[in-house]
Amino acid sequence: MSYGSDDRRMQAEPGTEGLNRSTMVNTPKIRMRGVRKAFGPKRVLDGVDLDVAAGQGVVILGGSGSGKSVTIKCILGLITPDEGIIEIDGVDVLKLPRREREALGDRIGMLFQNGALFDSLPVWENVCFKLLAQNRITRAKARDRAAEVLAQVGLAETVGDLSPAELSGGMQKRVALARAIAAQPDIIFFDEPTTGLDPIMGAVIDGLIVDCVKRLGATAVSITHDMASARRIGETAAMIHKGRIVWTGPAGNLGHSGNAMVDQFANGLREGPIQMELRR
Amino acid sequence: MAAILLDPLAAIGRATLGACRAVGDVALFALEGVSHLVRPPFYGRLFWHAFVEVAWFSLPVVALTAVFTGMVLALQSYTGFARFNAQSAIASVVVISLVRELGPVLAALMVAGRIGASFAAEIGTMRVTDQIDALTTLSTNPMKYLVAPRLLAATLALPLLVLVADVLGVMGGWLIGTLKLGFVSAAYLKSTFDFLQTGDVISGLVKAAAFGFIIALMGTWCGYRSKGGAQGVGGATTAAVVASSILILALDYVLTEIFFAQ
Ligand SMILES: Nc1ncnc2c1ncn2[C@@H]1O[C@H](COP(=O)(O)OP(=O)(O)OP(=O)(O)O)[C@@H](O)[C@H]1O
Ligand SMILES: [Mg+2]
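Each protein sequence line maps, in turn, to chains E and H.
Those letters in the first sequence? Residues 17 to 296, by the working numbering.
Those letters in the second sequence? Residues 16 to 277, by the working numbering.
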């Protein structure tokens, strides 16, 4: 049984890498232009422009409540933006008929910020949910596959038979991560993958995300508040503030990027251009 | 509050618009849910799970309700009919009112409390914890996965429950008739079946199926549209029970009118 499609394997081969790099300059994997979204009177996204190149790891940074989760939910089609363009592989997803849009979703994985595990199903069925839904695997094989993916996120096989409610917060996060990557998607979104994990497990998960990008040739968009993790998993970083992307640059430069806002955020300084709206 | 006092017309208008929007939304939701019943993939396991939940686990509640209703009916009609020396009509009055009216309505109201609330709470919790969004990202249509099996299960389970309720209700009446009111058992049963027509039973079962659909529809719809955390789920649960109870009684009138006209 093979889980990844063959063209994805080819992408990961070093020989074809140069070719992919040149084509991806023309069509980014994900392209957002002028995306706006308001909930009632509250403007959350105010013209987001973002390009994510194929096979790249991108981290999105920004203060709490700045609209990071809303941004990726817009790309996933879970929230419909008020205006703007969202393209995946050059196709405007907002204009696609529903069936084609669903087909596009088959190749996308998502880790929700709060896990969003199905508490009516045991862990192993959660992990292999997509493979089972797409009939890519039998139920008997799904157990083995679940054990394999659970091992990747540092969980024992026995965890597979528990219900999500019986797990600690960090374990739930790792199961959710396992569920997001089990079907080996082309594009993966991670909403705060390492929040709530201990530092060592955080580093392990970061390694896993890098692995998905490097080995499977996936495109990974991660949201994180952890600068060390951002530098590890991202080649590129984008900073969102007041509903707009205010800076994009190499993730290695975080903290000394030259942009006052980014440096304040990355270094966790109280003084700077970003004023937290606190009442004294 | 002040706004209602100051501008009652605007408040009435807003409420009317809101109600129209809700009715339209429920109708579209129902259409979409039903349309998934004829398009694969089908979730047989989920259907069976919901069916057992509705039919089997509601059985004790519905059975008790039916038995006591039958007993009360026999007692009450005796007090009334004795005044006209018409005691012999008691058995047929009990069976006809049970089969045509009280069986379906009381069973449906009991099930609305149990099942409507549990559907709304379960789906509502899934909504506010992003599980419904997660279904979408896992190549699964939430309407097909969560709503369609429940609609079918409740629509099929309610007629079965009502059939049981009919039998047990008649038994309750027979118990009182023979033990307390001095009827001969065979005579009571004979007059029960002499006056009962197939149409009575069938109209009751059709009503039951319609009520089952309403219960599942309001439960899933209220849950699916809920927002705002635990409080939102609580509100959805209450709304599901209240709305389905009222709709059951209203629909009962409409259906009775239709059957009566024939
Ligand atoms: N469904 C919704 N309805 C109304 N408002 C919403 C909804 N979803 C998000 N918001 C609002 O949008 C804003 C951005 O939310 P979002 O979840 O994107 O924040 P975030 O950047 O992910 O923050 P955090 O780092 O804390 O997760 C918040 O102020 C929130 O109140
Ligand atoms: Mg968030």
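Hints in this document: simulated from the structure, not taken from any laboratory.
Do not rely on the hints blindly, as some may be mistaken.
No farther apart than 27 Å at their CA atoms in a straight line, the calculated lysine-lysine pairs in the DSSO-like style are these [stated by the list, open to error]:
| id | chain 1 | residue 1 | chain 2 | residue 2 |
| --- | --- | --- | --- | --- |
| 1 | E | Lys-111 | E | Lys-58 |
| 2 | H | Lys-205 | H | Lys-195 |
| 3 | E | Lys-258 | E | Lys-58 |
| 4 | E | Lys-258 | H | Lys-195 |
| 5 | H | Lys-242 | E | Lys-58 |
Calculated from the model, a selection of chain H residues having no Cβ within reach of chain E, i.e. all distances over 10 Å [what the hints assert, rightly or not]:
| id | residue |
| --- | --- |
| 6 | Ala-26 |
| 7 | Asp-40 |
| 8 | Met-86 |
| 9 | Asp-148 |
| 10 | Leu-153 |
| 11 | Met-186 |
| 12 | Leu-264 |
Partial selection, computed: residues in chain H whose CB lies under 7 Å from chain E [as the list claims (entries may be wrong)]:
| id | residue |
| --- | --- |
| 13 | Ser-112 |
| 14 | Thr-144 |
| 15 | Thr-152 |
What you are looking at is a predicted structure, and each value in this text was computed from that prediction instead of being measured.
Positions of the beta carbon are idealized from the N, C-alpha and C atoms, including for glycine.
Consistency of the hints with the structure:
no.	hint	in the structure
1	E:Lys-111 <-> E:Lys-58	holds (25 Å)
2	H:Lys-205 <-> H:Lys-195	holds (18 Å)
3	E:Lys-258 <-> E:Lys-58	holds (11 Å)
4	E:Lys-258 <-> H:Lys-195	violated (79 Å)
5	H:Lys-242 <-> E:Lys-58	holds (17 Å)
6	Ala-26	holds (20 Å)
7	Asp-40	holds (16 Å)
8	Met-86	holds (39 Å)
9	Asp-148	violated (5 Å)
10	Leu-153	violated (4 Å)
11	Met-186	holds (37 Å)
12	Leu-264	holds (32 Å)
13	Ser-112	violated (40 Å)
14	Thr-144	holds (6 Å)
15	Thr-152	holds (4 Å)
Checked against the numbered hints listed earlier, the structure breaks hints 4, 9, 10, 13; every other hint is satisfied.
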